[in-house]
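Chemist: Residue numbers (the numbering used here), protein chains in the order written: chain A, 1 to 238; chain B, 1 to 238; chain C, 1 to 238; chain D, 1 to 238; chain E, 1 to 238; chain F, 1 to 238.
One or more of the hints may lead you astray.
Claimed, not checked - Cross-link-like lysine to any residue pairs, in silico, SDA-like; alpha carbons within 25 Å at most: (1) A:K82 with D:F229; (2) E:K147 with E:W58; (3) A:K82 with F:R80; (4) F:K54 with F:R80; (5) F:K223 with E:W58; (6) D:K105 with A:G55; (7) A:K82 with B:T60; (8) A:K82 with C:K82.
To be verified - Where chain A lies over chain D, by a calculated footprint (3+ residues, C-beta under 8 Å): (9) 17–23; (10) 135–145; (11) 197–211.
None of these hints come from the bench; they were simulated from the model.
Even for Gly, the Cβ is constructed at its ideal location relative to N, Cα and C.
Number of protein chains: 6
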Amino acid sequence: MRPSGRAADALRTIILEPGAAHHAEGSCRIRMGLTEVLCTASVEGRVPGFLRGKGEGWVTAEYGMLPRATHSRGDREAARGKQSGRTQEIQRLIGRSLRAVVDRKAMGELSITLDCDVLTADGGTRCAAITGAWVALHLAFQHCVAKRVIAANPIIGQVAAVSCGLWGGEPVLDLDYAEDSAAQADANFVLTGTGGIVEIQATAEGEPFAEAQLLGLLGLARKGTAELFAAQRKAIGA
Amino acid sequence: MRPSGRAADALRTIILEPGAAHHAEGSCRIRMGLTEVLCTASVEGRVPGFLRGKGEGWVTAEYGMLPRATHSRGDREAARGKQSGRTQEIQRLIGRSLRAVVDRKAMGELSITLDCDVLTADGGTRCAAITGAWVALHLAFQHCVAKRVIAANPIIGQVAAVSCGLWGGEPVLDLDYAEDSAAQADANFVLTGTGGIVEIQATAEGEPFAEAQLLGLLGLARKGTAELFAAQRKAIGA
Amino acid sequence: MRPSGRAADALRTIILEPGAAHHAEGSCRIRMGLTEVLCTASVEGRVPGFLRGKGEGWVTAEYGMLPRATHSRGDREAARGKQSGRTQEIQRLIGRSLRAVVDRKAMGELSITLDCDVLTADGGTRCAAITGAWVALHLAFQHCVAKRVIAANPIIGQVAAVSCGLWGGEPVLDLDYAEDSAAQADANFVLTGTGGIVEIQATAEGEPFAEAQLLGLLGLARKGTAELFAAQRKAIGA
Amino acid sequence: MRPSGRAADALRTIILEPGAAHHAEGSCRIRMGLTEVLCTASVEGRVPGFLRGKGEGWVTAEYGMLPRATHSRGDREAARGKQSGRTQEIQRLIGRSLRAVVDRKAMGELSITLDCDVLTADGGTRCAAITGAWVALHLAFQHCVAKRVIAANPIIGQVAAVSCGLWGGEPVLDLDYAEDSAAQADANFVLTGTGGIVEIQATAEGEPFAEAQLLGLLGLARKGTAELFAAQRKAIGA
Amino acid sequence: MRPSGRAADALRTIILEPGAAHHAEGSCRIRMGLTEVLCTASVEGRVPGFLRGKGEGWVTAEYGMLPRATHSRGDREAARGKQSGRTQEIQRLIGRSLRAVVDRKAMGELSITLDCDVLTADGGTRCAAITGAWVALHLAFQHCVAKRVIAANPIIGQVAAVSCGLWGGEPVLDLDYAEDSAAQADANFVLTGTGGIVEIQATAEGEPFAEAQLLGLLGLARKGTAELFAAQRKAIGA
Amino acid sequence: MRPSGRAADALRTIILEPGAAHHAEGSCRIRMGLTEVLCTASVEGRVPGFLRGKGEGWVTAEYGMLPRATHSRGDREAARGKQSGRTQEIQRLIGRSLRAVVDRKAMGELSITLDCDVLTADGGTRCAAITGAWVALHLAFQHCVAKRVIAANPIIGQVAAVSCGLWGGEPVLDLDYAEDSAAQADANFVLTGTGGIVEIQATAEGEPFAEAQLLGLLGLARKGTAELFAAQRKAIGA
């Protein structure tokens, strides 16, 4: 039995709240169990230097955690004067994942920054950030279409993420913090709505794991993201 | 008529949500109109170096704003690698204001850090942070009493803050962002439940102002904080 | 009796030395008792990005303290790699105070940076900096007029600052370091030559204070700044 | 045909030069084609704070690239004042990978830092770093055994890494820079000598990829690391 | 004829003002022509980590320049967040030079920090700093002797510095800024009262120079420092 | 007898390996005994802001040390977030030394950055860097000539450097680390192929030294650099 008492293939309760941020062009607050992330999408009418004049847009992400999102208070990164390696690794992952489902030529020379700020952390924050950021991004593009800044929504598919892990040698879906801390292996899967793999980050925390276990984790991830895709569609009113 | 259409002596709608953060020993989400600040109080069993061995506690504050709390996205301070002068000025003010109503000898060698993170900004964020942080601090001390870490709650009074300004030469209460940007003068008042003045920061944005106007602003601040004190008492169940 | 032995309404000895810095377009060394601040005004023929093309000038300030300006040596901010919150708060105050008496349209697209460096600190350094910086700024504008860079001096009035405090419950003028450390409340007043209030920063260090006390402090500040205005006029040869 | 003209399952020429650094307790220069990384292992007789008194050791890694290791000169991270997100991500990966094959209890309270500095970059630098660092680490532990600091070598297995990618939809082994830049997907596999998976980082650069493709990449990685394990054993004289 | 019109072997007017800083244990303001440096010596009752428990003291230096010490305003290093290479090079030189004439065993475990802050720069600031710092250091040690912290002044000799340069191929003494900018070579000599060489930093700015020229420069430096040693002795009342 | 057992006027074994870096326009790996420095020259088709439009080129240098180049591991400067004063002092010296033998007008508006990275340190790294960087620079200019970016090689002479020191009062040539640590004085000489002095940095570590000793050190430096100049010529195939 896994610590949370959930079935091996059960997600935590998912709540997506689109439009949660007053000023942003697109936004979504996502909860997966206790984990809560506020995702905002901010549109700017210019692109970074390396893309200027190429007729393409850019999508990037920043990630942060409120100091007391966690069990014990962590340093405020702004006060410490730099972002940790973990923060940078996560925000690079979020950016890559969202770019995988955007037709950047169709965006024109716009930039969208996805800010994913963790209000409460209980495991799976990077995955929740990706799933919620997709909704924020979709809404921001809808806003641009409504404002006639772009002709059509350049999103070409859904993307969502979930973490799975090995518990007692068996794969389980959607680890919470207590499970994540004690799992034998931990894998984050970023998948598209049509079943493609965008990114896998699988790490053995203790014993190395086997190919069959990897496939078991991937199977659970497919099941979990199917539910997340449905929730995303509902959130954007599709 | 002021831009918001409110009466000169009308506060915006106030909502205090105690216990809003899952992990913190004390917390309060405060809304004043659109402005929304999450205040958490984190307890630690040791004090900074300059107080070690003196038998006194410490209360300090950190302040931050999510990048898209504002109309247009601001830089993330953690990414830029330093906190702005404005951020530091505000977090020093919050810390001083709360320390004014705590018996630090009675705390013993504990530290409490108040994190005030602005989720949505529409003027008056530093004042909302002070008012909400008082609730978070009170609850954290109650938690310490319940855990028998301290014998009694060392808070010796209430503290709350409100901004007032001159509009068309006349004092108005609780400026929102549009009012704040256009006001002739802007004053933040930090007052105690018994009518004492803890801090005044009054700044002429255009024309210098007169003593009579200062007294008009102070009068409105007394009226506004009276309502805030009532809301705080309700939030802590007093 | 206050620690310094001065009458409640007595300033320390004031010495303004205009032209104290060899290279600067305008400068003034100000002493208030032991406190000594070197103020220089540096003119540059361009404005910050946010003002470019608007036909307005800019006045800003930076503040620093030599490491051994104080009783015990403090860290050198350049070596520590960042300015403290206190430093940033003070330099923002100096800039705002001076901008309050400059017609920035009349400046044209010039920038003036006021550097206020504390050589010896004995309380009231930020107030001395404002009072001395006004002289430096005036002289720099005169220099620009003499060089025919601008047609007329765009200063529209005098500004000076003084700190007052509560000692044994009674207001006293111009706190030195020993008095400032032990005062019940400490208030900095920035006033104009015509009696207007530009900024008030009043802080209760111990007990909150009352409205009547605030008015007592303001009354002393008016008396003190009257003497400072006279000294400024003498320094610029008016 | 892949750009390098190699067969789909062919590694580049591998050269491991153990003992390449004069001062280090263990070291190895590794070349995979043009890619060249100097790996050193430095032993210290104490552990980081979070492990003090627990009777366990620590293995960590730092990664860097000489400014002109690349086609065009990159910024020197020391001059820019911070390590990039990519650098931090890679050094965290190297550390985790090596810790997976060390019995940290058996180390006692020693720390080993693996410095992996890229002298020439032509793709696959993080994988080469892991493979070479294992040799450096093994030699450093042998040095500790020879010095009677520890009783036996606490390495419990081999670990090596290789990158694979999809080229024209087909899996190819050991991407060089030109291949990596143009591949449809890029996956880094960290495997143990006994066939276990320590880490997978698989990223679709263009189209998402399918489960069957993932298995094809993993199959090539097994073949490639088999050759790397043999080279490692030869390098340590086993 | 050199630009300043001085004879080739003429120093600028030297003024040493001992005790110029109110709070420091030792201090000296030094002027060499327009160049003006405030040197303070601050005593602390502990040594840096690398000397703890060795029964030796430490002497170190920090150097800074007020932003408008120069012809055109320079960045404030504290605002920019780091000290320039030039600043660090100079403060290392000052520290080494003073340590050369101190018996650090005789100091006991004390540290002295010499802060050398340039108020006006007109060439030769590092040399003036060394010459003035020696006076500040001597006075600080006298203070320690008077306070019975140490038994006797541990200074074992005088040290002073002067810059010389080649002008029209001929050696000239004590370059001012205009001369320094146009000289063919620039050499700083740090010499002891007994004629020993502590440090030479000689740099060809244009053409390389010859051994005979080096000796010419050294000869002038001996003459110049003889005058500086006399001024130092007068300043300490010897 | 000096610690290394070498004759007083004997250099260590010198090996110059031109073209050691695959990607750089010019490069040279230099060994002097155990000391090993990789020097690369990177060409860029633009100059820093202060030279723009002046028709001159720029040559600058950066210096670094791998963390385990030394006996015990040093901090990685990129991880610590800043370069030490020593690093900055050295890279400024290398840049000045090379600029002394380049006709920057003849370069046109090109920049060349010399990266000197120490792989193994055993004393004399800054001198080895200068000697090796000259070869890298020469080769990079040859590359530019071959590519018809410039008409002729703008190097106007050779430059090389060597350190000498006083051992038992007597001058010895080319100190290794053990000798450098214990020498009475340490002097770095940067000389040109025609016998001119570009830079002297001579420091008494213990006793001040005398003019005659300085001349003895300079004589050895001439002898040592004569050998280095020959090695450079051979390395460039002259």
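Chemist: Next step is simple, just say for each hint if it's right about the structure.
Modeler: Outcome of the hint check:
Restraint check for K82 of chain A and F229 of chain D: the C-alpha separation of about 38 Å exceeds 25 Å, so the hint is violated. For a cut-off of 25 Å, the pair hint linking K147 of chain E to W58 of chain E stands: about 19 Å separates their Cα positions. The hinted pair formed by K82 of chain A and R80 of chain F meets the criterion: a straight-line CA distance of about 12 Å does not exceed 25 Å. This hinted pair does not check out: K54 of chain F and R80 of chain F have alpha carbons roughly 37 Å apart, beyond 25 Å.
Between the alpha carbons of K223 of chain F and W58 of chain E the distance comes to roughly 38 Å, so the proposed pair goes past 25 Å and is violated. Of the pairs offered as hints, the one joining K105 of chain D and G55 of chain A is violated, with about 56 Å between alpha carbons and a cut-off of 25 Å exceeded. With a CA separation close to 21 Å, the supplied pair K82 of chain A and T60 of chain B stays within the 25 Å bound. This hinted pair checks out: K82 of chain A and K82 of chain C have alpha carbons roughly 13 Å apart, not beyond 25 Å.
Given as covered by chain A, the stretch 17–23 of chain D fails the check, having 0 residues with a CB less than 8 Å from a CB of that chain where 3 are the minimum. Here's how the stretch 135–145 of chain D fares: 0 of its residues keep a CB closer than 8 Å to some CB of chain A, so the rule of at least three is not met and the hint is violated. Here's how the stretch 197–211 of chain D fares: 13 of its residues keep a CB closer than 8 Å to some CB of chain A, so the rule of at least three is met and the hint holds.
This entry does not satisfy hints 1, 4, 5, 6, 9 and 10, going by the numbered hints stated previously.
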